[in-house]
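There are 2 protein chains.
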Amino acid sequence: MKKESPLFWPAYLKGDILFVLDETLVPKQLKYVKVRNIDEAVAVICEMKTRAFGQFLVVLSTFLLEFNRQPQLNGEELLEKIRNVAHALNHSRPTFPFSEVTSVVVHWAHGALDAGQDVRAIVIKNVNGYLQGIRHRRLDRVAKIAANIKDGDSVLTHCNVSGELAMAAAICREQKKDVQFYCTETRPYFQGAKLTYWELKQMGADVTLVADNAIATLMADKMVNKVIVGSDRNCANGDFANKIGTYQIAVLANEFKVPMLVLTQPSQKIKSGADIPVEIRDESELLQFNGRKVFSSKVKGLYPGFDVVPHHYVRKEIAIDVH
Amino acid sequence: MKKESPLFWPAYLKGDILFVLDETLVPKQLKYVKVRNIDEAVAVICEMKTRAFGQFLVVLSTFLLEFNRQPQLNGEELLEKIRNVAHALNHSRPTFPFSEVTSVVVHWAHGALDAGQDVRAIVIKNVNGYLQGIRHRRLDRVAKIAANIKDGDSVLTHCNVSGELAMAAAICREQKKDVQFYCTETRPYFQGAKLTYWELKQMGADVTLVADNAIATLMADKMVNKVIVGSDRNCANGDFANKIGTYQIAVLANEFKVPMLVLTQPSQKIKSGADIPVEIRDESELLQFNGRKVFSSKVKGLYPGFDVVPHHYVRKEIAIDVH
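Chains as they are written, first to last, in numbering that gives the first Met the number 0: chain A, 0 to 322; chain B, 0 to 322.
Check each hint, because a few of them may be wrong.
No copy labels: a pair is met if it fits in one copy or bridges any two.
What the hints assert, rightly or not - Each computed SDA-like pair below joins lysine to any residue, with the alpha-carbon atoms no more than 20 Å apart: (1) 256 with 309; (2) 256 with 311; (3) 299 with 177; (4) 13 with 98; (5) 27 with 287; (6) 124 with 311; (7) 315 with 235; (8) 270 with 318; (9) 27 with 299; (10) 30 with 16; (11) 176 with 142; (12) 297 with 179; (13) 299 with 222.
By construction, these hints were calculated from the structure, which means they are not laboratory data.
Next up, chain A with everything else stripped away, as it sits in the complex (with noise of 0.2 Å):
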């Protein structure tokens, strides 16, 4: 049995190559989209062949990248780089926080600059160690995870959370805990159907796929017992943004009593849901399926790609330590 998903650490950096696993081929294919530069990051980005987590990879590692390419740029030359580079990235979407990941880069470059040291050498030492601090902390939410899962829990899930529930469940298996998923289908873009129901079966988890539709007919007749998504970005006062559809299904927790856990990672940069711009995607990806057309062109189509989620929903957060 596999202990790590692929979808846990999608994108990493093999010399001057970001490889980016395809998460529109899953589970078909395990295919990883080469990256070169930020050009290319933008794309991968926006053409959502990585989503969530694996963006904030590509984001810092983009800067790797991009150091490498040019190694004859001196500390000044460094900073304007790295300074377009994250203005590239910030406005590749509206929903992912970019701009609070690149700018801790910038602030990096700056702060070498001023003081006098080796520009490059401390930005690739500070986003490299960054990385493998994300790693352990998320390893760690994986064990609260586990933890919060009891033996007999009947588990929803919406969309995918990147590694993190599957390597959860994998650990109440070894704990002998008795536990089954429902993974919703995630429309328009299928992303329960295609990756978490993929990665929970990879993991050893009984899990079982349901139409979008049948959420509020599975907790009336008590078939789940507890809700465990992700969240896309996380709100001072506790609201949160995620997978357009995690709004009902909160909703729907609610009304039925079933205790809903978010996996978070506690920010105070943005104050409330009101803050956050929902992403409205372009409707034609409502009319695809897997990119072919399944509806007629002249459709007309609304496609909000996040939900905002009051925090008044939510029965606890699994949250990221934030050091």
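Keeping the supplied structure of chain A fixed, place chain B upon it in accordance with the hints.
Coordinates of chain B only, in the frame set by chain A:
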């Protein structure tokens, strides 16, 4: 502009053949399946080529079909034939109340036989009269739906209500009401994307397709101010069964204070929702898209076909008059 949607009357008898609109092919093709006998009638129902009201038409018309095929039967043989046809229809699918319809026909035949009347003539006359009565009452309900839609309304619907909402939309348009419609995709079968969107568009309505996951956000953002859905079975206490996903829309409508209107056919035969058996359809249907398999055959799915919605979520019933 068309005034009657093909979905409003999706099955009609012509000589010895019942022509049943294959709703699985709409909107790509308007094709009618030829049904010649009870076995073909059961098949067309089981394969869900016709739904809800179409099933009702198929059930009634199948008695006429079988009568036409066997002109030599006497009164007692006809009653026996009717009982056999009723039995086969009653056991074709659990959710639709076939026995409520078939028992009426058995009753007519029985009464005619007891009274020494011409069983064949009586049953044919009554079935035809019944169908015409239903047609008039449905047209009445279309007018009632239109009267419940106000200028400026933005109406969310789910699944498909067999022509009635689309025809009401046409009336609203004639009355110069400015109305927007949102229809859900309605996974797993996509009745909303395939049937409802198409027929609302045919009637000249302003309609937008949304994923089933987008309802909470639509309501939270006040983009819809009314929900109108159909019902497949109605209970004496107001509970009703309808396509999976209706229950969660009802909970959300309640949470966001959006009035929910349900098209009903009042019945005292079922006391409450607890008495409705919910059909669990084959999981393979969840894993297909337009008849082609899209997920691995090893995926375990659960596909409850219908929701049973408690009456307290319903703001108003728009009923078919019962005489």
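Indicate which option fits the pair residue 256, residue 309 if close means a Cα-Cα distance not exceeding 20 Å: within, between, both or neither.
both (16 Å within a copy, 17 Å between copies)
Check residue 299 against residue 177 for me: Cα-Cα at most 20 Å, and say if that holds within a copy, between copies, both or neither.
between (45 Å within a copy, 17 Å between copies)
Reference check for the pair residue 297 and residue 179, CA-CA at most 20 Å: within, between, both, or neither?
Classified as between: cross-chain Cα gap 17 Å, same-chain 41 Å, threshold 20 Å.
Please sort residue 299 with residue 222 into within, between, both or neither, judging by C-alpha distance up to 20 Å.
For residue 299 and residue 222, the Cα distance is within 20 Å only across copies (15 Å; inside one copy 36 Å).
Are the CA atoms of residue 13 and residue 98 at most 20 Å apart within a copy, between copies, both, or neither?
Cα proximity of residue 13 and residue 98: none, with 25 Å in one copy and 68 Å across.
Under a CA distance limit of 20 Å, which applies to residue 27 and residue 299: within one copy, between copies, both, or neither?
For residue 27 and residue 299, the Cα distance is within 20 Å only across copies (17 Å; inside one copy 30 Å).
Regarding residue 30 and residue 16, is the shortest C-alpha distance of 20 Å or less found within a copy, between copies, in both, or in neither?
Within one copy, since 14 Å is at most 20 Å while 54 Å is not.
If the cutoff is 20 Å on CA atoms, where do residue 256 and residue 311 land: within, between, both or neither? Let me know, please.
both (13 Å within a copy, 18 Å between copies)
At 20 Å max between alpha carbons, let me know whether residue 176 reaches residue 142 within a copy, between copies, both or neither.
within (14 Å within a copy, 57 Å between copies)
Measure nothing new, just compare the shortest in-copy and cross-copy C-alpha distances for residue 270 and residue 318 to 20 Å and report within, between, both or neither.
within (17 Å within a copy, 47 Å between copies)
Pop the pair residue 124 and residue 311 into one bin, within, between, both or neither, using alpha-carbon distances up to 20 Å.
Classified as neither; 40 Å inside a copy, 61 Å across copies.
Within a copy, between copies, both or neither: which one fits residue 315 and residue 235 at a CA-CA cutoff of 20 Å?
So residue 315 and residue 235 pass the 20 Å test inside one copy only (15 Å; across, 40 Å).
Going down the numbered hints, you'll see the structure goes against 4 and 6, while the others check out.
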